[in-house]
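Undergrad: On the provided structure of chain E, position chain D as indicated by the hints.
The listed protein sequences derive, respectively, from chains E and D.
For the first sequence, the numbering used here assigns the number 1 to the initial residue and increments by one for each residue that follows.
For the second sequence, the numbering used here assigns the number 1 to the initial residue and increments by one for each residue that follows.
Hints are computed from structural coordinates only; laboratory data are not their basis.
Ideal Cβ positions, reconstructed from N, Cα and C, are used throughout, including at glycine.
A few of these clues could be false.
As the list claims (entries may be wrong) - Across the chosen pairs, the derived CB separations fall in these ranges:
| # | chain 1 | residue 1 | chain 2 | residue 2 | range |
| --- | --- | --- | --- | --- | --- |
| 1 | D | 138 | E | 50 | 19 to 27 Å |
| 2 | E | 202 | D | 37 | 55 to 63 Å |
| 3 | E | 57 | D | 13 | 52 to 60 Å |
| 4 | D | 55 | E | 66 | 43 to 51 Å |
| 5 | D | 55 | E | 206 | 53 to 61 Å |
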Amino acid sequence: MSIEAQNRWDKLRWVGATITPALLMLTLMAYLPIIYALTLGFYHRTAFNPDAVWTGLDNFIWIVNDPGLWHALNRSLVFTVGSVSAQLAFGLFFGLLLHQGMRGLNVMRTLVILPYLLPVVVVGLVFRWILNPEFGIVNQVLMDIGLIDLPINFFGGLDTAMLSVIVATVWQYGSFAALLIFARLQSINPKLYEAARTSGAGAWRCFMDVTLPNLRTTLLVIVLLRGIWMFNKFDLIWIITAGGPLEATETLPIYAYKLAFQDFDFGRAAAACTAMFLVLVIGSILYFRFFNPTREVEVGR
Amino acid sequence: MNLAFVQRWIRFLAIAVGMTFVAFPLYWMLLTALTPREQLFRPPFQLLRFDLSLENIIELLSATEFLVYLMNSMIVAAGAVVLNVIAATFAGYALSRYEFRLKHTVAQGTLLSYMFPPILLAIPLYILLSDLGLRNSYIGLILAHASISLPLNIWIMWQYFQIVPVSLEEAAWVSGASKLRGLLQVCLPSALPGMMSVAIFAFALSWNDFAFAFILQTDTSMYTLPVGLATFVERTAIHWGMIMSSSALISIPTFAMVFLLQRYLISGLGIAR
Numbered sequence: 001m002s003i004e005a006q007n008r009w010d011k012l013r014w015v016g017a018t019i020t021p022a023l024l025m026l027t028l029m030a031y032l033p034i035i036y037a038l039t040l041g042f043y044h045r046t047a048f049n050p051d052a053v054w055t056g057l058d059n060f061i062w063i064v065n066d067p068g069l070w071h072a073l074n075r076s077l078v079f080t081v082g083s084v085s086a087q088l089a090f091g092l093f094f095g096l097l098l099h100q101g102m103r104g105l106n107v108m109r110t111l112v113i114l115p116y117l118l119p120v121v122v123v124g125l126v127f128r129w130i131l132n133p134e135f136g137i138v139n140q141v142l143m144d145i146g147l148i149d150l151p152i153n154f155f156g157g158l159d160t161a162m163l164s165v166i167v168a169t170v171w172q173y174g175s176f177a178a179l180l181i182f183a184r185l186q187s188i189n190p191k192l193y194e195a196a197r198t199s200g201a202g203a204w205r206c207f208m209d210v211t212l213p214n215l216r217t218t219l220l221v222i223v224l225l226r227g228i229w230m231f232n233k234f235d236l237i238w239i240i241t242a243g244g245p246l247e248a249t250e251t252l253p254i255y256a257y258k259l260a261f262q263d264f265d266f267g268r269a270a271a272a273c274t275a276m277f278l279v280l281v282i283g284s285i286l287y288f289r290f291f292n293p294t295r296e297v298e299v300g301r
Numbered sequence: 001m002n003l004a005f006v007q008r009w010i011r012f013l014a015i016a017v018g019m020t021f022v023a024f025p026l027y028w029m030l031l032t033a034l035t036p037r038e039q040l041f042r043p044p045f046q047l048l049r050f051d052l053s054l055e056n057i058i059e060l061l062s063a064t065e066f067l068v069y070l071m072n073s074m075i076v077a078a079g080a081v082v083l084n085v086i087a088a089t090f091a092g093y094a095l096s097r098y099e100f101r102l103k104h105t106v107a108q109g110t111l112l113s114y115m116f117p118p119i120l121l122a123i124p125l126y127i128l129l130s131d132l133g134l135r136n137s138y139i140g141l142i143l144a145h146a147s148i149s150l151p152l153n154i155w156i157m158w159q160y161f162q163i164v165p166v167s168l169e170e171a172a173w174v175s176g177a178s179k180l181r182g183l184l185q186v187c188l189p190s191a192l193p194g195m196m197s198v199a200i201f202a203f204a205l206s207w208n209d210f211a212f213a214f215i216l217q218t219d220t221s222m223y224t225l226p227v228g229l230a231t232f233v234e235r236t237a238i239h240w241g242m243i244m245s246s247s248a249l250i251s252i253p254t255f256a257m258v259f260l261l262q263r264y265l266i267s268g269l270g271i272a273r
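Only chain E is shown next, with the shape it has when bound in the complex (with noise of 0.2 Å):
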């Protein structure tokens, strides 16, 4: 063996050992349930029947014919908007406020990353008690300054539930767009504004023509990830309400759990969450083909 042929079979040896055992947990507990997963819809696989068998395209048929499939996608539809338009105007405002610069920025910048890193279950709990219909200190509020006049059932009513889901996601997820919308406010270049101001803009042309043009592509990246993030939101929403009352708030993936763990029809499931998948994939590749927020999302990530 040559030494050069010595030296390229050491290198390989060597990337070898390194990257085995990072390859090793994701090819055991990533890609090869990922690739069970995609073919699990095409068999009758129940909990009680450990035996897959192959019944082609039955399971999607059957989900394709549940009524409850189709009104699972519309509440997320409702629920991703809704999310993630609020999450948009929490960025912006809190984004804004933070560029602003101000004494106590500090305290407040570490008040809005706070929600974002804090338990999904903590969430959850703090706002079932918040807006407690009994017990809950905003009824109480709202009930002693008379906007009210019978308490609000906020996560209990069929009205409501969805609306209270989204302002406890808002609540959590907002700060990711405020930081990214900050920080790229922190870096369009001043001497936009001096020009802007010289040629006679006021504080809301300057918004319109500098500032918006330039957060362009921040919020068209936000809404791509947030949107893929809000559509396969799953725990925050369980905790909450379990997809209740009355399915009110039950969106897809609280669809797809039913399926898999209380009717335990692991291939109804998962061709349910097969689904939700291309409809996520299709929707990223048309968003793509639109907006072409590319460039910013290898600098945001």
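TA: Below, chain D alone, put in the same frame as chain E:
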């Protein structure tokens, strides 16, 4: 009254409303946790109170399985951190030091895995770990948590090792050190901040995770804190004072992380989506 004055007050008002929205739930959590038991069942509540007590916390620690859940959470988080630091450090090193064709695919795969519904990963993991007899075990949940945070952590280490110059290692090799020694004694010290952040992200994911622990750990003695706390609401013997106490206690690591590492996390969060 001039315009600047009005503007200042509008801004102040906006900040006050926004900060109340953000801070009040946290404040109310802490206050409820410290409210004496007999006051809790006698609304209306005062927004400010000074007759605080630790009785909820003492009751929580003595009369519930809180400590069992805490133990489980700490074991699982520790395992996930160790696995992540080892696997991500080696893999990040390999990616940064050697050109190979699949590199770009790895980066794209990370974005694709981001789109993958966690619930779709949970179903096969449930079946797989059931078949292996690893459901309701520490090792099963540790592996699940570790492999979820691993892609991001590999990426972080990859970025870090790109900053560490290859020439340092080469100098070590020339003076006769083996490749492993070059990595351990020359590269690792420079990559220590990266390993710290890997440890933090792995810990945060494992400590905060509800979905996977909820699906994989069905035996109450194996519940981690988030899953255990979520069941508190359904149990009549446990009241909101104790629920908020447990919420406050489980948040302590979060508070610590934010306050100690605020500066770092701001730049880090951009990476951590």
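Undergrad: Hint by hint, say whether it matches the structure.
TA: Against the structure, the hints come out as follows:
{"no.": "1", "hint": "D:138 with E:50: 19 to 27 Å", "in the structure": "holds (25 Å)"}
{"no.": "2", "hint": "E:202 with D:37: 55 to 63 Å", "in the structure": "holds (57 Å)"}
{"no.": "3", "hint": "E:57 with D:13: 52 to 60 Å", "in the structure": "holds (58 Å)"}
{"no.": "4", "hint": "D:55 with E:66: 43 to 51 Å", "in the structure": "holds (50 Å)"}
{"no.": "5", "hint": "D:55 with E:206: 53 to 61 Å", "in the structure": "holds (55 Å)"}
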